[in-house]
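> Put together the whole structure using the sequences plus the hints.
Protein sequence lines correspond, in order, to chains A and B. Numbered according to the numbering used here, the first sequence spans residues 1 to 277. Numbered according to the numbering used here, the second sequence spans residues 1 to 319.
None of these hints come from the bench; they were simulated from the model. What you were told as hints is all true, and nothing was included just to trick you.
Below, simulated DSSO-like cross-link-like pairs (lysine-lysine); rule was C-alpha separation at most 27 Å, straight line:
#1 Lys33/B x Lys172/A
#2 Lys33/B x Lys103/A
#3 Lys169/A x Lys33/B
Covered stretches of chain A, as calculated for chain B (at least 3 residues, CB under 8 Å):
#4 7-20
#5 39-52
#6 85-93
#7 117-124
#8 144-154
#9 205-212
#10 244-258
Cβ coordinates follow ideal geometry from the N, Cα and C atoms, glycine included.
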Amino acid sequence: MQPVTTNRKLMWWGINTIVLLYAFIPVFWLVSLSLKDDQTLNDGKYFPTSPTDDNYLSIFKNEDFVRALINSIGICVIATLVAIVLGTMAAYAIARLQFPGKKAIVAMALLVSMFPQIALVTPLFKIETALGLFDTWPGLIIPYITFALPLAIYTLSAFFREIPWDLEKAAKMDGATPYQAFRQVITPLAMPGVFTTAILVFIACWNDFLFALSLTSTSQARTVPAAMSYFTGATTFEKPTGPIAAAAVVITIPIVLFVLVFQRRIVAGLTSGAVKG
Amino acid sequence: MTATPTSAAAEAAAESMEDETTQIARQRFTEAKRAERKLGLMLVAPAVVLMLAVTAYPVLYAMWLSLNRADLRRPGENKFIWFDNYVTVLSSPIWWTAFGVTALITVISAALELVLGMVLAIVMHRTLVGRGLVRTSALIPYAIVTVVAAFSWRFAWTEDLGWLAPSGSAPLTKFGSSIMIIILAEVWKTVPFMALLLMAGLALVPEDLLKAASMDGASAWKRFWLVTVPLIKPAILVALLFRTLDAFRVFDNIFILTSGANETSSVSMVTYSNLIRGLNLGIGSAMSVLIFITTGIIAFLFIKLFGAAAPGSDAGGRR
Numbered sequence: 001m002q003p004v005t006t007n008r009k010l011m012w013w014g015i016n017t018i019v020l021l022y023a024f025i026p027v028f029w030l031v032s033l034s035l036k037d038d039q040t041l042n043d044g045k046y047f048p049t050s051p052t053d054d055n056y057l058s059i060f061k062n063e064d065f066v067r068a069l070i071n072s073i074g075i076c077v078i079a080t081l082v083a084i085v086l087g088t089m090a091a092y093a094i095a096r097l098q099f100p101g102k103k104a105i106v107a108m109a110l111l112v113s114m115f116p117q118i119a120l121v122t123p124l125f126k127i128e129t130a131l132g133l134f135d136t137w138p139g140l141i142i143p144y145i146t147f148a149l150p151l152a153i154y155t156l157s158a159f160f161r162e163i164p165w166d167l168e169k170a171a172k173m174d175g176a177t178p179y180q181a182f183r184q185v186i187t188p189l190a191m192p193g194v195f196t197t198a199i200l201v202f203i204a205c206w207n208d209f210l211f212a213l214s215l216t217s218t219s220q221a222r223t224v225p226a227a228m229s230y231f232t233g234a235t236t237f238e239k240p241t242g243p244i245a246a247a248a249v250v251i252t253i254p255i256v257l258f259v260l261v262f263q264r265r266i267v268a269g270l271t272s273g274a275v276k277g
Numbered sequence: 001m002t003a004t005p006t007s008a009a010a011e012a013a014a015e016s017m018e019d020e021t022t023q024i025a026r027q028r029f030t031e032a033k034r035a036e037r038k039l040g041l042m043l044v045a046p047a048v049v050l051m052l053a054v055t056a057y058p059v060l061y062a063m064w065l066s067l068n069r070a071d072l073r074r075p076g077e078n079k080f081i082w083f084d085n086y087v088t089v090l091s092s093p094i095w096w097t098a099f100g101v102t103a104l105i106t107v108i109s110a111a112l113e114l115v116l117g118m119v120l121a122i123v124m125h126r127t128l129v130g131r132g133l134v135r136t137s138a139l140i141p142y143a144i145v146t147v148v149a150a151f152s153w154r155f156a157w158t159e160d161l162g163w164l165a166p167s168g169s170a171p172l173t174k175f176g177s178s179i180m181i182i183i184l185a186e187v188w189k190t191v192p193f194m195a196l197l198l199m200a201g202l203a204l205v206p207e208d209l210l211k212a213a214s215m216d217g218a219s220a221w222k223r224f225w226l227v228t229v230p231l232i233k234p235a236i237l238v239a240l241l242f243r244t245l246d247a248f249r250v251f252d253n254i255f256i257l258t259s260g261a262n263e264t265s266s267v268s269m270v271t272y273s274n275l276i277r278g279l280n281l282g283i284g285s286a287m288s289v290l291i292f293i294t295t296g297i298i299a300f301l302f303i304k305l306f307g308a309a310a311p312g313s314d315a316g317g318r319r
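Quick look at the structure:
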């Protein structure tokens, strides 16, 4: 519209800086808390005056935390893989095939995504106790997959609709076997969508607190967010600020890496499902 | 359909003219259709079964439990008691306080998120410099674990410890300031998500239309209200519906920030503490059902009020 002037650029840099501060101030605050030593912990300052790595050393010596970290990674990776496989199958069918009940399935996925998870906590607690799934990995993996499925189905079917499927036919005409056509033509086109969806699903699982808190009772399956709320300090009423901050930073690192490396894809994934869904 | 004799005769003639090859082709076609249906159903079956097993079944089970006395501390006294649990919950001031708190948090945070989300969406959409940088940093609050962010706010507002806490006061021990901090934490976390949904809408507004409006002398403010907003209304409604339902579930932030102290519990918090501390599954299930119904009412109102623009109304039909 208007020519890009230096002034306008400067104005935008100013606005961008506000966005950056907005996003990073609470995150850096945790980083600096995690680096403070016992003497300066309660000084109320934003930046640490005498940084130390004591808190990190202490949490990695804490068996409950290490165990929770393994639980978090294992449970979220398995839930993501299964949700992606089931979601890809369903999304392919919804995007490509004609079959009865398609509308009902899309509507059901929408309902599940709007579902109040707390309404499941009491019945799932009872059911999982009866089935012996309470406080186990599958006991968390199963609800995680369920609530990841709507997200996976919506995002993947939006991506799949964009794939030029006629290329598959063309490859077959050129003499490729159905497997070759799928493997060498369709798979490379579908992979970015599948990968993006996997990141979104993993972030959603990684974030869960309610199920992790109510469907576990020991460190056997408790994930980091739930374990963090159980960290105890010198007395029962005192929360160990430093170690909690360090644990918070540790589980934020993979998230920040995902966001830095895959920003474009995450934005595309979140918006594709939204506009068309 | 009333077929005239002539057209019927023509059809019959056409049918008799059909030779064997077309019949075989037609048969193949229907067979292919049947195979496609079968494949489609087989591919969606696992996802559908799982979603039904983990949501529909427990909800039905919760409905049954809510009509029973099911106290884990008194397992011998289980029996069918009709709506007694609902009477207990609905006549309890704890439930209504929590309901009010949840409604308050939901309305204020959804409203703030819509406004701030729109601002951020416009910034991400329009910025002339550092677009990737802005989008990347905006994704941080969306992607960060809610509990982590909640701890950051909690420490920030803790007296002596935090950089935000005014000296000589403990904001997280009073109702008003606690609610404000809970809303702050909710809003901080979800504005970027809202902004991304709205940005997707902004991308669909034709640039020519805005240019034309500008030529006609419309100010930026007018262009926004008269051109952009009507065009992105569907995106606004989708974003608002999802955020309202999401805000109504508020749990993580309250659990970490106040643990529900000073009557800051949400309905999710009350239901959770009833399960963990009260171990009363009948009461807990009654609360679950009530939350489920409320969510349904919110979704229904949105769809009724905004009609065709609501999500799902054209979900199956899109190609």
